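Asker: Chains as they are written, first to last, in the working numbering: chain A, 1 to 473; chain B, 1 to 497.
Keep in mind the hints are simulated off the structure, nothing from the lab. Check each hint, because a few of them may be wrong.
[What the hints assert, rightly or not] To list a few chain A residues with every Cβ distance to chain B over 10 Å, as calculated: (1) LEU20; (2) GLU155; (3) ALA346; (4) TYR463.
[What the hints assert, rightly or not] Computed list of lysine-lysine pairs in DSS-like fashion (alpha-carbon distance at most 25 Å, straight line): (5) B:LYS368 to A:LYS363; (6) A:LYS148 to A:LYS363; (7) A:LYS431 to B:LYS107; (8) B:LYS111 to A:LYS363.
[What the hints assert, rightly or not] Label-pair restraints from in silico Cβ distances: (9) A:ASP439 to B:LEU20: 22 to 32 Å; (10) B:GLY189 to A:GLY465: 21 to 31 Å; (11) B:GLY189 to A:GLU195: 31 to 41 Å.
It should be emphasised that the depicted structure is a prediction, and the values quoted were computed from it without experimental measurement. Glycine residues also receive a C-beta, built at the ideal position from the N, C-alpha and C atoms.
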Amino acid sequence: MNYSQFLDMTPEVSLIVLILIVFFYDLFTEGKERRGFHTLTCILLGIHTVLNIFPGQDRELFGGMYQAYAMTDIVKTILSIGTLLVFLQAKNWLRRDDTRHKEGEFYILTLCTLLGMNFMMSAGNFLMFFIGLELASIPMACLAAFDKYKHESAEAGAKYIMNAMFSTGLMLYGISFIYGTVGTLYFNDIPTALEGTPMQILAMVFFFAGLGFKISLVPFHLWTADTYQGAPTAVTSYLSVISKGAAAFTLMVILTKVFAPMVENWQLLLYVVIVITITLANLFALKQDNLKRFMAFSSISQAGYIMLAVISGNAQGMTSLVFYVLVYIAANLGAFGVINVIEQKAGKIEMNDYNGLYQSNPKLSFLLTLALFSLAGIPPFAGFFSKFFIFAAAFSEGFYLLVFIALVNTIISLYYYLRIVKAMYIIPNDKPIAYFSSDCSTKISLAICTAGILALGIISAVYDGLNLYAFGM
Amino acid sequence: MNILSFFVLIPLLMLLGLWLSRSLNQVRGVMVVGSSALLLLSIYLTIDYLGLRSAGATEEMLYTDSYMWYAPLHICYSIGVDGISVAMLLLSGIIVFTGTFASWKLKPLTKEYFLWFTLLSLGVFGFFISTDLFTMFMFYEVALIPMYLLIGVWGSGRKEYSAMKLTLMLMGASAFLLCGILGIYYGSGAQTMNVLEIAALHNIPLDLQRIFFPLTFLGFGVLGALFPFHTWSPDGHASAPTAVSMLHAGVLMKLGGYGCFRVAMYLMPEATQELGWIFLVLTTISVVYGAFSAVVQTDLKYINAYSSVSHCGLVLFALLMMTRTSCTGAILQMLSHGLMTALFFALIGMIYGRTHTRDIREMSGLMKIMPFLSVGYVIAGLANLGLPGLSGFIAEMTIFVGSFENADTFHRVCTIIACTSIVITAVYILRVVGKILFHTVKNPHHLELTDATWDERFAVICLIIAVAGLGMAPFWVSDMLHDSVNTILSAHLSILK
């Protein structure tokens with residue numbers, strides 16, 4: 001065996017090293033020594049991100065078991081930046097009395113899921129893919145149930161693991177169909193042998209169901225609202241962006257690379273799923289009063305938009321997908337950052353509590369407004385650009401009606417995003433949430449998110465850069 | 001640096017200045033300096049443009065410039081102006097300038113108010129200088145969203161409802177528009193987003209035009225208060241604070257007419273010829289329906305808002321008549337309506353600020369109490385009903401003369417129906433003037449009211465000068481518009497031959 005191949009897996013290897021360092025630090029330190037734990041983890045994760053910031057060559061290792069493209073490396077970097085932001089926002093929560101002693105577990109579990117996603121994205125074989133997916137799912141259930149003495153949190157974890165098991169079962173079943181009809185599980189060998197027989201179509205649908213669960217597309221979304229609401233806010237934000245982004249990218253790669261001969265089948269499937277996902281999620285989001293639940297439905301509909309890039313199946317679609325995920329990380333984590341800090345400092349999470357927030361906390365309200373405007377796709381914020389590119393990608397393949405339906409849905413989504421803006425600015429309130437100043441790490445993360453929201457769209461270099469590495473069918 | 005880029009740069013600097021300012025005087029200072037700079041710049045641009053044209057410049061657009069922005073999608077920051085855009089920039093310059101003075105005493109949260117106000121004007125100016133579909137659309141949306149907060153926070157009456165209704169309807173329209181724009185881009189072979197280049201290519205297949213022309217026209221038309229999608233306008237105008245009504249009726253609604261002409265009709269002439277009649281019927285309804293609705297309203301702002309529906313309907317009506325004279329008239333009407341509606345809303349705001357009511361049944365004899373405002377109101381009213389010597393006459397005259405050039409029965413009938421609006425306009429204007437300005441003062445509290453202060457007088461006088469100027473000396477404007485209208489219409493005329 002040629003061990004030098006491990007050197008081509010730098011994103012995974014450095015992440016494993018990082019996990020080990022955090023693990024041993026957690027094991028061998030006590031009391032006062034642990035004060036720097038958060039800073040240390042963030043710095044190490046930052047180093048990991050910087051080490052992998054330059055994408056490598058397209059490469060195949062271990063006989064095709066591990067396939068990585070330059071684009072995969074970029075997505076991995078984007079996701080680790082997102083994870084870093086989540087860690088920065090989690091500090092408040094990890095300093096609480098009931099979570100303080102479990103700080104290390106949070107880091108290790110989160111990084112393990114990140115490692116799982118990395119493997120999932122660069123899998124070259126369905127088994128490898130499956131292992132990655134499981135590594136990303138199982139620790140996630142622990143994270144969702146992290147506040148274990150809280151009833152909702154435990155419920156969130158249980159719901160997540162039940163749904164994950166069910167969808168995993170479906171997916172394995174699908175993979176077995178593929179093996180049965182094609183005789184191989186290597187991504188490289190499957191496309192030539194695929195003929196689009198009913199059995200293979202069923203396999204594709206089952207496989208799609210498994211990933212659809214991770215991306216929380218309708219009809220696999222039923223866990224989302226409860227899990228998002230019950231899980232600690234830091235975990236919710238991680239679930240809503242990182243896990244979703246990784247799964248969406250993987251789905252696109254596998255559909256365009258492996259299921260390429262069945263393009264008509266999966267485009268039809270996606271078409272239906274997109275329409276019901278966007279519409280249903282938007283309609284449910286209209287009536288939500290709990291902000292985490294609200295963000296859950298908002299994120300389901302955002303997932304529907306991401307799928308518009310997947311359905312195009314071309315290089316333009318991939319560029320817009322990665323760009324969308326990047327912008328979505330900035331905007332969604334910006335929104336969650338504010339929600340999280342208000343939850344920690346004031347203990348409030350209902351939309352009514354935000355009434356008149358602008359009077360007492362103008363800066364936070366302004367940041368939340370920017371994030372929401374970006375999510376709604378309003379210029380000059382980055383969300384407008386990413387939405388436009390997504391629509392353009394789907395349009396380029398002739399999905400006129402689909403784009404139109406999605407566009408009409410943006411209006412519904414604008415309504416519910418404006419509800420929060422209305423609460424903060426317009427509805428009068430005698431006793432708004434009192435002024436507080438956020439801690440340093442929250443400030444840093446919000447600053448990064450805001451910079452992203454403002455700059456990613458205006459500066460075209462990011463999109464142009466992604467475009468260089470994109471590939472499609 | 002291109003002179004046109006200053007129209008974007010100055011509002012950006014104003015935003016920065018406002019963000020940094022700490023006191024009310026600093027905020028006002030930034031606004032006065034910035035809006036005067038914009039006004040002067042637009043006047044300078046007009047003079048320079050006329051100079052270049054008379055010196056023999058024959059290009060379709062002048063001051064053109066283009067910077068590549070998103071190369072993979074051929075999105076450029078490309079700018080350029082022709083006579084129509086210059087006229088619109090001048091209009092916007094005047095309205096933003098006077099709007100600043102009309103909201104001089106606005107409270108609370110003055111700084112935030114002006115931030116959103118400036119963002120709105122940034123969108124408006126950016127829209128008129130753009131020649132790239134994407135940039136145009138982006139600025140269009142930049143101009144829309146501040147309306148939500150401007151109406152919602154600083155408005156009056158049913159402000160939350162109106163703000164939400166306005167935003168959702170206009171953003172809904174922009175969804176249609178985005179679909180239309182993508183259709184134009186991919187329909188024309190996906191090599192450029194530049195309006196001029198797409199027009200030169202002239203290769204969008206007819207079956208795609210049939211889908212995307214209605215979408216684009218409707219998208220812009222909603223902002224131009226096209227029946228039956230005009231319902232945002234009365235509510236929005238009635239709830240908005242004074243300067244926002246001015247800017248919205250004066251400039252923002254012009255984005256609709258301008259976009260219909262520049263994008264929908266210019267780029268898809270075949271579909272315009274084929275499907276234009278549907279929209280012509282709708283605009284004819286707008287014109288008459290708006291005027292009739294204004295007759296029965298009792299709220300000053302509602303009267304004016306419905307009058308705007310009628311007059312903006314006339315803009316789209318004249319554009320769809322597609323003769324040179326009528327299209328020139330349409331642009332003149334945009335200018336004229338922009339100025340006189342701004343004047344109207346400014347005066348209504350000032351009267352409301354004193355009497356605290358906009359119900360015409362509760363006011364009478366105001367001429368004795370506040371002569372300056374009342375005279376201003378009469379002038380605005382007369383301009384609105386088309387008195388010769390003021391801007392309204394020039395515009396409507398040109399429109400109806402131009403429309404009569406279409407000799408077939410359908411266009412003739414539409415023209416005759418639309419002509420009746422002139423009479424109805426006179427009815428609602430004179431009714432209001434008679435009711436609120438003359439007679440004896442019924443409400444004793446009104447006797448203690450004062451006339452306009454210096455900042456209000458300044459705003460009103462500026463607008464009256466502009467309205468009268470356009471009415472007395474219209475030729476330089478109509479000459480300036482004529483060539484540009486010709487260029488856009490030439491595609492249509494070549495089809496008819």
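Asker: Quick one, are A:LYS148 and A:LYS363 close enough, alpha carbons at most 25 Å?
Answerer: Since the Cα atoms of A:LYS148 and A:LYS363 sit roughly 33 Å apart, the hinted pair is violated (cutoff 25 Å).
Asker: Mind verifying the non-interface call on A:TYR463? Its CB should be farther than 10 Å from each CB in chain B.
Answerer: 6 Å, violated
Asker: Could you check the hint for me, namely that B:GLY189 and A:GLU195 are 31 to 41 Å apart, CB to CB?
Answerer: 35 Å, holds
Asker: With the threshold set at 25 Å, check whether the alpha-carbon distance from A:LYS431 to B:LYS107 stays at or below it.
Answerer: 21 Å, holds
Asker: Taking 10 Å as the cut and beta carbons as the points, is A:GLU155 off the interface with chain B?
Answerer: 35 Å, holds
Asker: Taking C-beta pairs only, is A:LEU20 more than 10 Å away from all of chain B?
Answerer: Check passes; 41 Å lies beyond 10 Å.
Asker: Falls inside 22 to 32 Å, the C-beta gap from A:ASP439 to B:LEU20?
Answerer: The hinted range 22 to 32 Å holds for A:ASP439 and B:LEU20, with Cβ atoms some 26 Å apart.
Asker: Holds or violated: are the alpha carbons of B:LYS368 and A:LYS363 at most 25 Å from each other?
Answerer: 49 Å, violated
Asker: Holds or violated: B:LYS111 with A:LYS363, Cα cutoff 25 Å?
Answerer: The given pair, whose Cα atoms are some 14 Å apart, holds under the 25 Å limit.
Asker: Looking at A:ALA346 again, its CB stays over 10 Å from all of chain B?
Answerer: 23 Å, holds
Asker: Just tell me: holds or violated, for the beta carbon distance of B:GLY189 and A:GLY465 against 21 to 31 Å?
Answerer: 26 Å, holds
Hint check: violations occur at hints 4, 5, 6; the rest are consistent with the structure.
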